[in-house]
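Student: One letter stands for each residue in the lines below.
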Amino acid sequence: MKRGTFFQFSAPSIATMTILMVFPLVVAIWLSFNFLTFRNINAPDFIGWRNYIEVLQDARFWQSFRFTLLFISMTVPLQMLVGFLIALLLDQVSPKIRGVYVTFVLLPFIVVPVVGTLMFKQLFEPSGLIAWFFRAILEQRFILTEASVKTLIVTHAVWYTTPFALITFFAGLQTLPQSTVEAALIDGANRLQQIRFVTLPHLQSLVVFVALISIMDMYRIFDSVFVLTEQNPVYRAETVMVYNFQVALTVQRLGKANAMAMITVLAILVVLIPFLLRTYREQVGGK
Amino acid sequence: MQPIRNPVAKLGIHFVLIAFSLYSILPLFWTALQSLKNVRQANSRTPLFIFEATFANYADLWLESTPENFGRVGFALIAVTVVLILLALVARYFPMPSSYVYWGVLAGVAVVFNIIPRIIDTAEFYDYFINTLIVTVSTVIISVSIGCLAGYALSRYRGITGLIILIAALGFRALPRMAFVLPFFWLGRATGLHDTLFLLTMTLVAVNQPFTIWMLRSFFMDIPKELEESAMVDGANRFTAFQKVIVPIMWPGIVSTALFTLLLAYNEFLLARVLTQSNWTLPVAIAQFTGGEDPGHITLASAAAVSATIPIVIVILFFQKQLVKGLAAGAVKG
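Quick note, the sequences are listed as chains A and B, same order.
In terms of my numbering, the first sequence opens at residue 1 and continues consecutively.
In terms of my numbering, the second sequence opens at residue 1001 and continues consecutively.
Among the hints, a few may not be true.
Once the Cα atoms are required to be at most 30 Å apart in a straight line, the calculated DSS-like pairs of lysine-lysine come out as [unchecked claim]:
no.	chain 1	residue 1	chain 2	residue 2
1	B	K1325	B	K1225
2	B	K1225	A	K2
3	B	K1325	A	K96
4	B	K1010	A	K96
5	B	K1325	B	K1010
6	B	K1244	A	K2
7	B	K1321	B	K1225
The hints are simulated quantities; they were obtained by calculation from the structure and are not laboratory data.
When you get a sec, could you build the whole thing from the sequences and use the hints?
Tutor: What follows is the structure, encoded as structure tokens:
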């Protein structure tokens, strides 16, 4: 395909992305150097780096950042481990029954995240099923505290992100050549050794892929934390995105919020750049 | 891993899988139960599993007041819906291109949704539902059409520009939404587009574009170049060849991509929350139901949650294969 034709075909898409993603990002950078509230929304006031300094000195920002890191380090390994184990089991089931299981297992993935969070929360309300379980079996009341809200956030995140890891790993298992498995069998490998030396190496690139995608998705988690904490600072369970939202729309410091967004963008580049380089190499190699 | 033959172990596998399935649907199951109870039953301290089901919560949610002739109106609406669905199902047997029938059905649906608030006193939740439908459908149509053109071009063009666009798009997809949302908010306020469905739709299209072009490109890569080249030898220009030869073959891939776009647009909370003030979509409306002190909020919130879930579950039940295929395709190709 010629360069001219390429641009004819991709012009609408490139224009949309330029006008609505690249341009806003430039605007965001510019706004982050301005003092901007709802009062002077049409007349931003340039103040240089002061927004950035203010964010970096903000204790609540660092608290939310620490919680985000803790959250990522707990949810990503958990969802991958559970997803991998269930994928292994699903691989053992005959294709007909498999479809039924997949329908159920996909449900957390397709439910609107806000709605899923709401449903999850219902279980823990005083009238909820799990709250009753706590009272009846464990003989203690389930109350919302800092620890329990944080646990809830992690549990819910694992609940609704596992299907993605599960289906991805399951698809990867389908491409495992039967001959490799048979060779391992002839060598006398038991099941654990097969997983360790055959399945895992085969899935290695997928594991990296799922880990990277999950880290980036968990980093920008917003919906479920917003709903579960009800924006109540008592639980100290804000993620960076939720705090950023509050600075923008509750405190109404738009300039500072933009500066915070830029800092979070810089922070995710640590993961993003290796990911982009890896994709670049794959694409060049794939030609 | 080699297949497990031991019957006891097989039983164990099914046991774990059933347990995991139950864990996956437990929240939905409980919420659906709660939505069918009255306020007193829903707030009972010991969970009730056997009770007299009531649809009053759904009526409260969707209707301002219950009309007297509700039975007849409801029956008429259901009849019209069934006719439209049947039309869509038998479209291919008509002596005209089936796409005309589909557009006709779509127009019929639009007319029905327009008539409903005139004959029934609907509540705000209905407006939010319609907003969501408009935003979702327009996002899917716009995003997939322009994404198809770009995805096709990116799969056939070998220059470095294409690669740079792909990598840049991937980078933008991974960035936190907050980096785009706040400028949109500011621009919307400055231009007066704030709180319009137009701004929300275009924003969703843009945010979704990187994912769409990547996914469609990977599907287009599987289609051999020779197909459109032979059409072009026969005198068709590239666009005609693309439209008449490639798109029909690509249809399953396009449906897969459209499904993910649909999920994204239907689910989006942050963008909709920031960019709208009264023209809410369902996720924003439902988020308002959380954490009320009023004991009645449990049943109403449950009804709202189930109402928002049913349409998406129906869509996915129809297209589950394409969804799983899409997930798997994204995974295997990285």
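Student: Hints first: check each against the structure and report whether it holds.
Tutor: Here's how the hints hold up against the structure:
no., hint, verdict
1, B/K1325 to B/K1225, "23 Å, holds"
2, B/K1225 to A/K2, "14 Å, holds"
3, B/K1325 to A/K96, "16 Å, holds"
4, B/K1010 to A/K96, "15 Å, holds"
5, B/K1325 to B/K1010, "26 Å, holds"
6, B/K1244 to A/K2, "20 Å, holds"
7, B/K1321 to B/K1225, "26 Å, holds"
Violated hints are absent here; each numbered hint is respected by the structure.
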